[in-house]
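Visitor: The chain contents come next:
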Amino acid sequence: MLAQGSQILSQAPAQKLSAKRGATAEAALTFVLGEGYHTNSHTPSESYLIPLRLTWDKGALEAVEVTYPEPHLEKYEFSPKPLSVFTGTFRIVTRFKAPLDAMSGPGLATGKLRYQACNQTSCLPPRTIEVKLPVVIQ
Amino acid sequence: MSLARSPYALTGGLAVALAISGCGLFRQVRAAESSLRAEKERKPAPELALKDADGKTVRLSDYKGKVVLLNFWATWCGPCRMEMPWFIDFERKYKDKGFAVVGIAMDEEGWQVVKPFITDLAVNYRILLGTTSAADLYGGVDALPTTFLIDQEGRVAATHVGLAGRDTFENGIKELLSGPSAGSGNPAVLARAR
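Heads up: the protein sequence lines correspond to chains V and P, in order. Residues 1 to 138 (the working numbering) make up the first sequence, in order. Residues 1 to 194 (the working numbering) make up the second sequence, in order.
Simulated from the structure, these hints should not be mistaken for laboratory data. Quick caveat: nothing in here was measured; it's all calculated off a predicted structure. Where hints are given, some of them may not hold.
If you only want the chain V side, here are some residues facing chain P, beta carbon under 10 Å, derived [claimed, not checked]: (1) 42; (2) 48; (3) 73; (4) 87; (5) 121; (6) 126; (7) 129; (8) 130.
So these bits of chain V aren't anywhere near chain P, every CB distance computed over 10 Å [unchecked claim]: (9) 64; (10) 79; (11) 95; (12) 120; (13) 132.
Even glycine gets a Cβ: it sits at the ideal position worked out from N, Cα and C.
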C-alpha cells in the first residue's frame, strides 16, 4: 500500500552451497542494512511489530531449519522499552536437506526475506526481498 | 508511485539520506520544519475520498474552513504510536476552535487490525483507511508517520516526515487557528520540506 521505492536492506552475494544427496548442508546468507536503520528481529519485543522472516521456495533442496542471529536490544525514542532488532550486517543460517532422489548438478535455491525497518524517527513499510543461493547437488 | 515522479521526492530522499548519514543534520531539519510555510508558499492539499470505520466516504473537503492535521500512520509503526496520544489531546483541546485530526491508516490488513487498535487507544478523531492512490496524492508517503498541517484555506502549511515533537505540532495548530496571516516560516527551509 505504501511506496516500495528505496531498498534499505540487501543480500550480499552468497557462496555456492554443495549438498550431497541424502545429507544436510548449511548455508549462511549475509544481509546488509542501511546505516541508521534497524529491522525488527524474528522475535520482536512488541506484538504489534512485524517480525523478520526468511522463507524458502520449494525446490531441489528442502529447508529444514532457519537460524537467526542473536538480536540486539536497543532503546529508541519512540518506544518505552528496548526493542529486539537487527542492525548493520547480519547472517541467517539455513540448514537444507538434499533428498535422495534429487537430481545432481547446479541449481538455484530461492526464497523471500520479509522485514520492516525503522530509524530513530520513522518507519518504512514492510518489504519482501527475493533471496538467492546458488547450489550444487552431488 | 516511484519517488522520481513524486512532488515529495526531495523530502523522501532528503529524509532517507540524512537518516543514513547519521541523523545530526536530520534533527536540524526537523527543528526547522516546526515553522509553518509562508502563505504564498502553500499549495492546495490534494482532495481525498476514503472510507471510515463505518464504511462512510469522507472527503478532505468536508473539513473546509478548518485547520486539519492529516496523519498517515500504521499500527506497526512505533513512532506513529507515540504521536497518536498527542493527536487525541489536540482533538479534545481544539475541536471546538475549528480544528480536526484525520488519521489515515496504511495497514495492508485494513480494518481487521486498525479497528481493535483505535478502540483500545480510544482514538477520538476520525480514522480513514488509506489506499495507494491516496498516498500517491501526498507524494507516495514513503515513511511513516507523515503528517500534514492544512490551513483553513485547504493549503498545506507544514509537512512532517517522521516523528516530530508534540510542541512542533501544537505550535503549528495554534498559529494556524490564530488567523490567516499566520505562517512566516523560512521559505528556504520549507521548500526543502515539500
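Visitor: Flag every earlier hint the structure violates by its number, smallest first.
Guide: 1, 3, 4, 7, 8, 10, 12
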